[in-house]
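Asker: This is what each chain is made of:
2 protein chains.
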Amino acid sequence: MQFIMSGRPSESYAVSILRSITPNLSITKHKGQAGKIAVIGGCREYTGAPYFSAISALKIGADLSHVFCTKDAAPIIKSYSPELIVHPILEESFNIRDEEKDLISTKVIGEVEKWMERFDCLVVGPGLGRDRFLLECVSIIMKHARECDVPMVIDGDGLFLVMNSLEIIAGYPLAVLTPNRNEYKRLIRTVLETEVDEQDSARQIQALATAIGNVTILRKGESDVISDGKTVCAVNIYGSPRRCGGQGDVLSGSVAVFLSWARHCAANGELTMNPIVSGCIAGSALVRKAAALAFEHKRRSTVTGDIIICLGKSLDDICPVR
Amino acid sequence: MQFIMSGRPSESYAVSILRSITPNLSITKHKGQAGKIAVIGGCREYTGAPYFSAISALKIGADLSHVFCTKDAAPIIKSYSPELIVHPILEESFNIRDEEKDLISTKVIGEVEKWMERFDCLVVGPGLGRDRFLLECVSIIMKHARECDVPMVIDGDGLFLVMNSLEIIAGYPLAVLTPNRNEYKRLIRTVLETEVDEQDSARQIQALATAIGNVTILRKGESDVISDGKTVCAVNIYGSPRRCGGQGDVLSGSVAVFLSWARHCAANGELTMNPIVSGCIAGSALVRKAAALAFEHKRRSTVTGDIIICLGKSLDDICPVR
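As you go down the protein sequences, you meet chains A and B in turn. Letter by letter, the first sequence follows residues 837 to 1158 of the working numbering. Letter by letter, the second sequence follows residues 837 to 1158 of the working numbering.
With the rest of the complex left out, here is chain A (with noise of 0.2 Å):
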């Protein structure tokens, strides 16, 4: 089956797939039952991307919003919220001698694979770095996930990863790509070996979703793009014009929990199409409703925190908790 939403009322669809997967709360639930998600990401260098990330999916509804982060990144990311429960477990190779790497990464990996079942998802890339002892640790950190059945969401340094290694996650159905223009552009040479054509953009997304092996790809823009191979749909609900960084975590943290929601209410026959791609329309949808709603107050001075504080309120005005 292949739908192409231009032409459909892509806005009222989009959100009656948000308002279907988003559960019911309830007094008799417990924690960790409204989801459990896992950032990859923060190195040195970078911090704000994998906070974002990561508090996003708590400010969604996630019970519980985990960081595996370098050790130099702990102690900062840990100071914006105290909501987070950081890891700091990652190593860059400027801290360690090569005498040492087998024995680190041997540990750095147990220590994230002993949580790796009780996670929902993993969001994989936020401020990762482009470190190669990092990255590879953090591939075999990936193929253990795969093991788990865990799902990805992959977005950043993380897709600098599987371009490079496209096997880690070729033909693993539960893994995500959030590209933006650039990278989009990348994976299309990359995997396609030709160049971005916008006059067949629903069938090229489409075949390359298909040729990575039915992985879905939502390529982020003016309107969302998202195909696993089998369908492609658009999100295009207004969102804003501020193009401040940030932005991708905040979607990468929103997707990794609807996914996580969506692959629940599949698991209890509510709900029919892929749950990776409902995920990532109710997680599109929503970081946009955010953004327009933060733009409205904040306007050029919108900053991704401010989309942050409006994600709740554009939640409750589509799916008011009952």
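Derived from the structure by calculation, the hints contain no laboratory data. Among these hints, one or two may not hold up.
Identical copies carry no separate label here, and so any pair may be met within one copy or between two of them.
To be verified - Straight line, CA to CA, 25 Å or less: simulated SDA-like cross-link-like pairs of lysine to any residue: (1) Lys1056 to Asp1036; (2) Lys1056 to Ser856; (3) Lys1066 to Gly1007; (4) Lys914 to Thr1108; (5) Lys1066 to Ala1006; (6) Lys867 to Phe996; (7) Lys1134 to Ala870; (8) Lys867 to Glu1132; (9) Lys867 to Leu900; (10) Lys950 to Glu1019; (11) Lys865 to Ile1073; (12) Lys867 to His923; (13) Lys1066 to Ser848; (14) Lys1056 to Glu919; (15) Lys943 to Arg966; (16) Lys867 to Arg1017; (17) Lys867 to Cys1080; (18) Lys943 to Ser929; (19) Lys914 to Arg1078; (20) Lys937 to Asp908.
Fit chain B to the known structure of chain A by using the hints.
Answerer: Using the frame of chain A, we list chain B on its own:
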């Protein structure tokens, strides 16, 4: 051409320049198009100044705002806000041995230079400190910025650096110096070998800008007086009588954003005057408006953070998003 603005309706003139260079926002634009700013500053002793400068740029509407600071300063500046990208790169003498200096200098410069071409403007100096080794590295970074035609707003300890090595910026028309009262006095003594003459201030600032080789001078004071050696103008919009530290850092970040926007207008043929001067006028006008608004609410207790909070509303009052 020379024009002195005393006598002109300078508020409406400054505001009209601000309005003419501020870009329209559009959902078709992508991240980076509204400006990428970098602040070089922040050491063990000073962390507030580079934060104020960088966050001001973001709140006025830049898409990305970086800080290049020492390793000691970075975790603190990061902790002020996850919105900034903070690079722990610079080194101070007390942290390194003499025999390491060449190696470390090469590394520091390499780390900054790989980013250089991405920036629309640098701010050099907020909280930079006066460590000789650090300043040597920064002077090499400034030479590289010049080779790359990246504009530079030079304030605080950056002014101390260039006053001792005028050749770094001499004859570089994309440099702005933003001296306060004392720094201006020292500049006049160093460059013109005379004393400040308030009776002849317009001619004197023009002579100063010319003598350094058509850099732009923004002399901060009761009125901000701006000259590129060809024109002289003053911005005397009523600001705030509070003189709390940090306001100069807000100004340097503000000028950096507006001159980036003005250069974009000039490149498109939409601006006839020197875009560097336009950027100074607009940056000064906005900070004064924001300071007045902050003072209206906070009175004697106004601090620099209160002014930063008012940047967005002040800009939207002048230049509402269409």
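Asker: Now look at each hint and say whether the structure bears it out.
Answerer: Hint-by-hint comparison with the structure:
Taking the closest pair of Cα atoms, Lys1056 and Asp1036 come within 25 Å of each other only inside a single copy of the chain (16 Å); across copies the shortest separation is 55 Å, beyond that limit. In this homomeric assembly, Lys1056 and Ser856 come within 25 Å of each other (Cα to Cα) only inside a single copy, at 23 Å, whereas the closest approach across copies is 31 Å. In the homo-oligomer, the alpha carbons of Lys1066 and Gly1007 lie at most 25 Å apart inside one protomer (14 Å), although the nearest pairing across protomers, at 61 Å, exceeds that limit. With identical chains, the CA atoms of Lys914 and Thr1108 are never at most 25 Å apart, being 39 Å at best within one copy and 44 Å at best between copies.
Taking the shortest Cα distances, Lys1066 and Ala1006 sit within 25 Å of each other inside one copy (16 Å), while across copies they are farther apart (62 Å). In this assembly of identical chains, the alpha carbons of Lys867 and Phe996 lie at most 25 Å apart only when taken from different copies (18 Å versus 34 Å within one copy). Within a single copy, Lys1134 and Ala870 get their C-alpha atoms only as close as 31 Å, which misses the 25 Å cut-off; across copies the closest is 16 Å, which meets it. In this assembly of identical chains, the alpha carbons of Lys867 and Glu1132 lie at most 25 Å apart only when taken from different copies (19 Å versus 34 Å within one copy).
Taking identical chains as interchangeable, the C-alpha atoms of Lys867 and Leu900 lie at most 25 Å apart only when both belong to the same chain, with a minimum of 8 Å there against 30 Å between chains. With identical chains, the CA atoms of Lys950 and Glu1019 are at most 25 Å apart between copies only, with a shortest distance of 20 Å across copies and 32 Å within one. Taking the shortest alpha-carbon separations for Lys865 and Ile1073, only the inter-copy value of 16 Å comes in at or below 25 Å, while the best intra-copy value is 32 Å. In this homomeric assembly, Lys867 and His923 come within 25 Å of each other (Cα to Cα) only inside a single copy, at 20 Å, whereas the closest approach across copies is 30 Å.
When the C-alpha separation of Lys1066 and Ser848 is checked against a cutoff of 25 Å, the pair qualifies only within one copy, where the shortest distance is 22 Å, while the shortest distance between copies is 58 Å. For the identical chains of this complex, Lys1056 and Glu919 are inter-copy neighbours only, at 20 Å across copies versus 28 Å inside a copy, given an alpha-carbon limit of 25 Å. Taking identical chains as interchangeable, the C-alpha atoms of Lys943 and Arg966 lie at most 25 Å apart whether they share a chain (20 Å) or sit on different chains (17 Å). Proximity of Lys867 to Arg1017 under the C-alpha cut-off of 25 Å is restricted to the inter-copy arrangement: shortest distance 9 Å between copies versus 38 Å within a copy.
Taking CA atoms no more than 25 Å apart as the test, Lys867 paired with Cys1080 passes between copies only; the shortest distance there is 6 Å, against 34 Å inside one copy. For a Cα distance limit of 25 Å, the shortest separation of Lys943 from Ser929 qualifies both inside one copy, at 15 Å, and across copies, at 16 Å. When the C-alpha separation of Lys914 and Arg1078 is checked against a cutoff of 25 Å, the pair qualifies only between copies, where the shortest distance is 22 Å, while the shortest distance within a copy is 27 Å. Taking the shortest Cα distances, Lys937 and Asp908 sit within 25 Å of each other both inside one copy (18 Å) and across copies (24 Å).
Checked against the numbered hints listed earlier, the structure breaks hint 4 alone; every other hint is satisfied.
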